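Protein chains in written order, with my numbering: chain X, 1 to 301; chain C, 1 to 211.
For the record, the hints were derived by calculation from the structure and aren't laboratory data.
Among these hints, one or two may not hold up.
A few chain X positions that, by computed beta-carbon distances, are all more than 10 Å from chain C [as the list claims (entries may be wrong)]:
(1) 26
(2) 33
(3) 54
(4) 95
(5) 199
(6) 246
(7) 251
(8) 283
No farther apart than 30 Å at their CA atoms in a straight line, the calculated lysine-lysine pairs in the DSSO-like style are these [to be verified]:
(9) X:57 with X:67
(10) C:73 with C:9
(11) C:9 with C:192
(12) C:9 with X:287
(13) C:9 with X:245
(14) C:192 with C:162
(15) C:126 with C:162
(16) C:192 with C:126
(17) C:146 with C:73
(18) X:281 with X:183
(19) X:245 with X:281
(20) X:245 with C:71
(21) C:192 with C:73
(22) C:162 with X:88
(23) X:196 with X:281
(24) X:245 with C:73
(25) X:287 with X:183
(26) X:287 with C:71
(27) X:287 with X:196
(28) X:88 with C:146
(29) C:71 with C:192
Quick caveat, the model's predicted, so the values are computed rather than measured.
The beta carbon of each residue, even a glycine, is placed where N, CA and C say it ideally should be.
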Amino acid sequence: MSSNLRLGLNSIFLNFPHDLATPEIREVSQTEPWIEVPLSLIQPQLASGRIIVTTAKLRELLPTDLKERLNGIDPAVEIPIPLQEIFKHLPSEAIQRRQDQEIEQVPVTIATPFTLQAREDAARFGSAPTKPSELLSEPPLVEAPLASEAPEPQPQAPETLAEQNLLNPLSSERLQAIFMTDKTLDLHGAIEQIGKLPGLRGCLLSHQNGRKLTGQLGDPEQESVVSNLLPALFQQISDRISETKFGSLETVTFYCDRQQLSTFMQGQLCLTVLHENRPFKPGVREKIQTVIGEIIQLNAF
Amino acid sequence: MPIINYARKEIQFKVVYYGPALGGKTSNLVYIHSRISPVHRGDLVSLATASDRTLFFDFLPVNAVVLNGFKTKFQLYTVPGQVIYNATRQLVLRNVDAVVFVVNSEWDKMEKNVESFRNLEENLQKQNLSLDTLPYALQFNKRDLKDIVPTDYLEYVLNNRKRRVRSFESIASTGLNVFATLDSVTQLLLHKFNQEYVQPRPAGGSDPVRS
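In isolation and in its complexed conformation, chain X is listed as follows:
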């Protein structure tokens, strides 16, 4: 690495402190002389984001015919040297990183409430997606996306890692015990079982972000409305209820002119059931509540 940097004087004098910039100095900025500045003078200052030399030092470095231009300036006054000028000539070795750096990695996949927007923006701007580290090997710990825009129309493929994970077999003996079956249940199977509980006609599981995960209520348009509307509505009601002394909100039942439906929400999952003709038979609501909790335990944070 060269021990000197050859810097254009015009750039230095152009950025001279205004109160010191005499006509003689301004005149130099119009020309193209240069000076050799020792790298040893610059390198220790690089980390500070500012490079300065004393007037005395600058005078020492100037060509003989220009030295007198600095007459009358206090030798101790500091003169900044523009970083742009330095970087035109600075060898890359001068800003090498320390060798013992440890690159920070998140050792597990964690999708956050902001992951969806980050991915959307990455697609929009054409930049590299901000997927979690590729070294990650464990299953997701948390998936907490927030709906930021109108959800895409159905049918929808699993969008997030947790959604994908939800479709894996649910190896829970407890879940099998709840439905009294020896069959290993995947998420579709578990939701189907809920839809067959006494007094129910259908069951739909959707993500908090409005995406339908599985199940059916009979009418796709109706399912879309339910998936998009009810999670947000439930959350709003839940937030307000939590400010009272009623306890946390578990279920909301909607009595409509033609049909009744009830919504449950835990974690990022929203489950809606369609009633046959009247609200829950004894124990059914509690059973559904338990099943959702079990699915959350198996799949989410």
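Could you slot chain C onto chain X? The hints should help.
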């Protein structure tokens, strides 16, 4: 350290956007505010001077979903970048859980970037916190401007600690990498929280969230 409210079953995380004046901290929050559904966020509270500089702080609450039965809330703050407002910055930094350091990529702001970064280290130290352990990310903002500082120099100056954190080139005014930065730092935050509070402890150990 996050605030855990057992009575209301809430966990509250505080993320602070730090950096020199005119770096784009408020622009970050404005963009985040614009992209999150109103259902999940509160209003962006901003107290600015007549010249539109942040006077006290900007504040944006974001409600997320449930972690182990606890409702999570993210509180996003900015600090005023001007040197004279250090008392305010110290106040805003109290109980911080993660930091996004917003860097101004203009050449003539390099000194201010370094000054602000050192100020962050000092203010954290006063709270017995350190960038060695606190989740944080660097955001090199204003990358759309001409004649800007190359990233290798920004990395050399601001990311040369033993722990090398993630950095993002951003344009906060358009949103480029705004959420990527926040997502990254939130991942670190949740991972740390998971390690410290959620993962099963040895027999007899306490577990604040699961208890």
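> Between residue 57 of chain X and residue 67 of chain X, is the straight-line Cα distance small enough, at 30 Å or below?
Replying inline: holds (11 Å)
>> Please verify whether residue 146 of chain C and residue 73 of chain C have alpha carbons no more than 30 Å apart.
In response: violated (38 Å)
> Is it true that the CA of residue 9 of chain C sits at most 30 Å from the CA of residue 192 of chain C?
Replying inline: holds (19 Å)
>> Does residue 183 of chain X sit within 30 Å of residue 281 of chain X, going by the straight-line distance between their CA atoms?
In response: holds (25 Å)
>> Just to be careful, I want the Cα atoms of residue 126 of chain C and residue 162 of chain C compared with a cutoff of 30 Å; is the pair within it?
In response: Between residue 126 of chain C and residue 162 of chain C the Cα gap is close to 21 Å, so the pair holds against 30 Å.
>> Check the hint pairing residue 287 of chain X with residue 71 of chain C against an upper bound of 30 Å on the C-alpha distance.
In response: holds (23 Å)
>> Just to be careful, I want the Cα atoms of residue 162 of chain C and residue 88 of chain X compared with a cutoff of 30 Å; is the pair within it?
In response: Given pair residue 162 of chain C, residue 88 of chain X holds - Cα atoms ~28 Å apart, limit 30 Å.
>> So if I understand the rule, the pair passes when the alpha-carbon distance is 30 Å or less; does residue 73 of chain C with residue 9 of chain C pass?
In response: holds (11 Å)
>> Between the alpha carbons of residue 287 of chain X and residue 183 of chain X, is the straight-line distance 30 Å or under?
In response: Holds, at roughly 18 Å.
> Keeping to a limit of 30 Å between CA atoms, is the pair of residue 88 of chain X and residue 146 of chain C held or broken?
Replying inline: holds (15 Å)
> Does the structure keep residue 245 of chain X and residue 71 of chain C at a Cα separation of 30 Å or less?
Replying inline: Holds, because 17 Å separates the two Cα atoms, which is no more than 30 Å.
> Given the hint that residue 196 of chain X pairs with residue 281 of chain X, does the C-alpha gap stay at or below 30 Å?
Replying inline: Given that 30 Å is the threshold and the Cα spacing comes to 13 Å, the pair holds.
Hints 4, 17 from the list above are not met by this structure, while the remaining hints are.
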